[in-house]
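Peer 1: Sequence:
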Amino acid sequence: MTLVLMVMFTRPAFAIYDPLSVPNNKFGLHILEPNEIDKAREFVNSTGGEWGYVTIPIRANDRNAEKWLEFMKKSREQKIIPILRIASFPVSSDVNSGSAAHWVAPNDYDLVDFAVFLNELPWPTKNRYVIIYNETNHESEWGGFVYPEEYARILDRAIDIFRQVNRDFFLISAGMDSSQTNIYSYFSVMENTVPGILNKVNGLSFHAYGNPGFTTPPNTYSKVNIASFRFEENYLCRNFSVCNRPIFLTETGWKNAQDWYFENAFGNVWTDQNIVAITPFLLSGGDGPFKEFSFVDENANFKSFAKKIIAFPKIAGRPLITDPPVAKINKFSEIGKLVPGAIPVIEPNIIEKLFNLLRQIFS
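Going by the working numbering, the sequence shown opens with residue 1, and the numbers climb by one from there.
Check before you lean on any hint, since a few could be wrong.
Heads up, simulated EDC-like pairs for lysine to aspartate or glutamate below, C-alpha to C-alpha not over 20 Å straight-line [stated by the list, open to error]:
no.: 1; residue 1: Lys308; residue 2: Glu50
no.: 2; residue 1: Lys39; residue 2: Asp297
no.: 3; residue 1: Lys308; residue 2: Asp259
no.: 4; residue 1: Lys200; residue 2: Glu149
no.: 5; residue 1: Lys307; residue 2: Asp62
no.: 6; residue 1: Lys314; residue 2: Glu263
no.: 7; residue 1: Lys67; residue 2: Asp38
no.: 8; residue 1: Lys291; residue 2: Glu77
no.: 9; residue 1: Lys291; residue 2: Glu36
no.: 10; residue 1: Lys126; residue 2: Asp160
no.: 11; residue 1: Lys308; residue 2: Asp323
no.: 12; residue 1: Lys126; residue 2: Glu77
no.: 13; residue 1: Lys67; residue 2: Glu77
no.: 14; residue 1: Lys200; residue 2: Glu233
no.: 15; residue 1: Lys307; residue 2: Asp108
no.: 16; residue 1: Lys303; residue 2: Glu263
no.: 17; residue 1: Lys200; residue 2: Asp108
no.: 18; residue 1: Lys307; residue 2: Asp323
Taking CB as the label site, the calculated pair distances span [as the list claims (entries may be wrong)]:
no.: 19; residue 1: Val22; residue 2: Asp287; range: 38 to 46 Å
no.: 20; residue 1: Glu42; residue 2: Lys291; range: 17 to 25 Å
no.: 21; residue 1: Glu33; residue 2: Asp323; range: 37 to 45 Å
no.: 22; residue 1: Lys291; residue 2: Ser21; range: 37 to 45 Å
no.: 23; residue 1: Val91; residue 2: Tyr221; range: 34 to 42 Å
no.: 24; residue 1: Val91; residue 2: Ile321; range: 35 to 43 Å
no.: 25; residue 1: Phe89; residue 2: Gln258; range: 19 to 27 Å
Just so you know, the hints here were simulated from the structure itself, not pulled from any lab data.
We put the beta carbon where it would ideally sit given N, CA and C, even for glycine.
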């Protein structure tokens, strides 16, 4: 629970703008840690580019104020537009190995905490891009279950909560795992549970990997390859009138990509007019399971396929920029110094206001 809940009751209401109504540099990259932003800039803002994008996850147990304040400061300095994907946290199936069985299913209180915490960060752009969870049609991403009814309800509540806190939040639905055969029935159950839910969000996130096997070349056109977003978009438009929405390709790519793969994809496939950002997975996978997706080698040098995209001409994006932030009060900085897992002391009147807000939203 954050210590700055009071601010959510005094913030003025603003409103998002269409990111495609201004010059937009759609090139981006997916990173895992805030300190990777400097390296990401070399890719997304290369060859004339400014204000490219990075997608980064923020876990419920990683709301460290100093860490994320620094990230937003760097985003402004490096002219990068952040897309934050909120996440719960993984639970381990084997304490000794540390292998994750699944991610904890989200809850309403996490949504309130995320909204308040993210509202206090000094975002560089007027639009505050937030993705509501990840690949929820995959059981490992949602408490070990595939539960589209609950994701629809959580997404609906997230929209209400974030917009009550600040209407500058640009809310994006989770990118689904397009290799799962349940993806279209999942969308259908979502829409039947909360009619119009995917028109209620501000944008749609899609994942478009080179499947099957993360190795299929980009010139193969199918429901599971890098053009998968078009099939999903067409399904949603045809069946639920979710049409021509802003698209964010927040994960895409291959294992051990060949030099021509991304060059072909950017030039011939990811060309739709309603695409706002393309953030391939992943800048650096380290020595972990995502190593084969990395855009950099073990010496942190960009691989040859990445250099091809770095050389692509890009435009200088012109997003609406927020005013530089004033110095943060010490109390907020202290939030990041709390011992992980510790329960802070919260004044009773703040708790009362929080529960009143929850009752208002969920009544």
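Peer 1: Take the C-alpha atoms of Lys303 and Glu263, compute the straight-line distance between them, and say whether it is at most 20 Å.
Peer 2: Status holds; Cα separation ~13 Å.
Peer 1: Check the hint pairing Lys314 with Glu263 against an upper bound of 20 Å on the C-alpha distance.
Peer 2: holds, 13 Å
Peer 1: Does the structure keep Lys308 and Glu50 at a Cα separation of 20 Å or less?
Peer 2: holds, 18 Å
Peer 1: Can you let me know if the beta-carbon spacing of Phe89 and Gln258 is within 19 to 27 Å?
Peer 2: violated, 35 Å
Peer 1: Does the structure keep Lys200 and Glu233 at a Cα separation of 20 Å or less?
Peer 2: holds, 15 Å
Peer 1: Hey, Lys126 versus Glu77, does the alpha-carbon distance stay inside 20 Å?
Peer 2: holds, 15 Å
Peer 1: Take a quick look at whether Lys126 and Asp160 sit within 20 Å of each other, Cα to Cα.
Peer 2: The hint holds at about 19 Å.
Peer 1: At the C-beta level, are Glu42 and Lys291 separated by a distance inside 17 to 25 Å?
Peer 2: holds, 20 Å
Peer 1: Next pair to validate is Lys291 with Glu36; report whether the Cα-Cα distance is within 20 Å.
Peer 2: Holds, at roughly 15 Å.
Peer 1: Holds or violated: are the alpha carbons of Lys307 and Asp323 at most 20 Å from each other?
Peer 2: Violated, at roughly 34 Å.
Peer 1: Taken at face value, is the distance from the CA of Glu77 to the CA of Lys291 at most 20 Å?
Peer 2: Cα-Cα ~29 Å, so violated.
Peer 1: Quick check on a hinted range of 35 to 43 Å for Val91 and Ile321, using CB atoms only.
Peer 2: Because 40 Å falls inside the window, the suggested range holds.
Going down the numbered hints, you'll see the structure goes against 5, 8, 11, 15, 18, 21 and 25, while the others check out.
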